[in-house]
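Asker: Residues per chain are reported as follows:
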Amino acid sequence: MNTDIKRRVFLKGSLAAGTVGVAVTAGLLTPQAVMAAWPKAAFEAKSVEDALGAAMGGNQTSASEDIKIKAPDIAENGAVVPISISTGMADVESIALLSPGNNSPMVAQFVLGDGGLADVSTRIKMAKTGDVVAVVKSGGKLYSNSKSVKVTVGGCGG
Amino acid sequence: MAKKSIKIRAKLKDGVVTVKSLMNHPMETGLRKDKKTGELIPAHFIQEVVATSGGKTVMTANWSGAISKNPYLSFSFEGGNKGDEITIAWTDNKGGSETGSAKIK
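As given, the protein sequences belong to chains Y and P, one line each in that order. Oh and the first sequence: position 23 is 22 in numbering that gives the first Met the number 0, straight run, nothing missing. Oh and the second sequence: position 4 is 3 in numbering that gives the first Met the number 0, straight run, nothing missing.
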């Protein structure tokens, strides 16, 4: 009787361990999956709509002039295109940066934490001349703005 | 680690801390070909950058291979104090990671 109870406990335990094990194995196959925060689907999406849906939870955006994108009109080197995004909107949760001309349009996503301000800059690669799209999630809604950048030499592949 | 992998400058002005950082990373997209062998260079890029200060995460950046080599990242946040430590940590798609920190000036 006593062993029987132990057996039950053991079974339960191994069942639970089994689920964890499966998760770990899945994680091992795709190391990216371990980092839950990294929206893999968004970065692998081939269209802007899919990328936004995966990263920002929707692809319905309304245009807003309140999002300022600072980028060169002509980028001589597509491998290094400086981009700054800022907005005066309140309650900004996250900012997505996309380049629809790239193989995978999703470039970066910035999630603002405690006290984080909607003002980020970085340097990105652009495959060809096209728009740089910034999508801001504010108060659960998505707003976007874009700026066209002429690229003389592409920065992807080659 | 011979070379400091993350350079950070953080400055406090009018209650807003502006952080500028440079990281050392090849940022391979996985689309580029090796010129000699013609084989694709496997993707190797920073996926996640987490900035913390005063025990709070002030900013998380999720990146793809489309961020330029040796990435530059600048952002700002409120609520920081002079002398506070700001820490930036990144993790790449191969599981590598690096952490750097600086004091807010």
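Each hint should be verified, as a subset may be incorrect.
[Claimed, not checked] Covered, in the sense of this in silico footprint (three residues per stretch, anywhere, with C-beta under 8 Å from a C-beta of chain P), are these stretches of chain Y: (1) 92 to 103; (2) 109 to 123.
[To be verified] Using 27 Å as the maximum straight-line C-alpha spacing, the simulated DSSO-like pairs for lysine-lysine come out as follows: (3) Lys32/P / Lys39/Y; (4) Lys68/P / Lys149/Y; (5) Lys69/Y / Lys32/P; (6) Lys104/P / Lys32/P; (7) Lys149/Y / Lys6/P; (8) Lys6/P / Lys140/Y; (9) Lys32/P / Lys67/Y; (10) Lys35/P / Lys69/Y; (11) Lys127/Y / Lys32/P; (12) Lys39/Y / Lys68/P; (13) Lys67/Y / Lys127/Y.
[To be verified] Partial chain Y-side listing against chain P, Cβ under 10 Å, derived: (14) Trp37; (15) Pro38; (16) Lys39; (17) Ala41; (18) Phe42; (19) Glu43; (20) Val47; (21) Ile73; (22) Ala78; (23) Pro81; (24) Ser83; (25) Gly87; (26) Met88; (27) Ala126.
Worth flagging that the hints you see were computed from the coordinates, not collected in a lab. The structure displayed is predicted, hence computed values, not measured ones. Built from N, CA and C at the ideal position, the CB exists for glycine as well.
Asker: For each hint, tell me whether it holds in the structure or not.
Answerer: These are the hints, each one checked on the structure:
Check result for the stretch 92 to 103 of chain Y against chain P: holds, 4 residues qualifying (beta carbon to beta carbon below 8 Å, three or more required). For a cut-off of 8 Å, the count of residues in the stretch 109 to 123 of chain Y with a CB near a CB of chain P stands at 14, and the three-residue condition holds. In summary, the hint linking Lys32/P to Lys39/Y is supported, as the alpha carbons are separated by about 23 Å, within the 27 Å threshold. The hinted pair formed by Lys68/P and Lys149/Y meets the criterion: a straight-line CA distance of about 20 Å does not exceed 27 Å.
For the given pair, Lys69/Y sits about 31 Å from Lys32/P by alpha-carbon distance, which is inconsistent with the 27 Å threshold. Of the pairs offered as hints, the one joining Lys104/P and Lys32/P is violated, with about 43 Å between alpha carbons and a cut-off of 27 Å exceeded. Note on Lys149/Y and Lys6/P: the hinted pairing is violated, with a Cα-Cα distance of about 30 Å set against a maximum of 27 Å. Our distance criterion of 27 Å between C-alpha atoms is broken by Lys6/P and Lys140/Y, whose separation comes to about 35 Å.
Note on Lys32/P and Lys67/Y: the hinted pairing is violated, with a Cα-Cα distance of about 35 Å set against a maximum of 27 Å. As the CA atoms of Lys35/P and Lys69/Y are separated by approximately 37 Å, the hinted pair breaks the 27 Å bound. Restraint check: the Cα-Cα separation between Lys127/Y and Lys32/P comes to about 18 Å, which is no more than 27 Å; the hinted pair holds. A distance of roughly 20 Å separates the Cα atoms of Lys39/Y and Lys68/P; the hinted pair therefore holds under the 27 Å criterion.
For the suggested pair Lys67/Y and Lys127/Y, the alpha carbons sit about 22 Å apart, so the restraint of at most 27 Å is met. Taken as an interface hint, Trp37/Y checks out: its beta carbon lies about 5 Å from the nearest beta carbon of chain P, inside 10 Å. Nearest Cβ of chain P to the Cβ of Pro38/Y: about 6 Å, under the 10 Å cut. The hint holds. A hinted interface residue such as Lys39/Y counts as satisfied when its beta carbon comes closer than 10 Å to some beta carbon of chain P; here the least separation is about 9 Å, so the hint holds.
A least Cβ separation of about 8 Å between Ala41/Y and chain P falls short of the 10 Å threshold, and the interface hint therefore holds. Annotation: interface hint on Phe42/Y holds; nearest CB of chain P at approximately 5 Å, less than 10 Å. Given the 10 Å rule on beta carbons, the hint for Glu43/Y holds: about 9 Å separates it from the nearest Cβ of chain P. Given the 10 Å rule on beta carbons, the hint for Val47/Y is violated: about 13 Å separates it from the nearest Cβ of chain P.
Interface restraint check: Ile73/Y against chain P, minimum CB-CB distance 17 Å, threshold 10 Å, status violated. Among the interface hints, the one on Ala78/Y holds; its C-beta lies about 6 Å from the nearest C-beta in chain P, closer than the 10 Å criterion. Nearest Cβ of chain P to the Cβ of Pro81/Y: about 8 Å, under the 10 Å cut. The hint holds. Look at Ser83/Y: its Cβ gets to within about 8 Å of chain P, closer than 10 Å, so that hint holds up.
Nearest Cβ of chain P to the Cβ of Gly87/Y: about 13 Å, over the 10 Å cut. The hint is violated. At about 15 Å, the closest approach between the beta carbon of Met88/Y and any beta carbon in chain P exceeds 10 Å, and the interface hint on this residue is violated. Because the beta carbon of Ala126/Y sits about 8 Å from the nearest beta carbon in chain P, less than 10 Å, this interface hint is met.
Hints 5, 6, 7, 8, 9, 10, 20, 21, 25 and 26, counting from the list given before, are not met by this structure.
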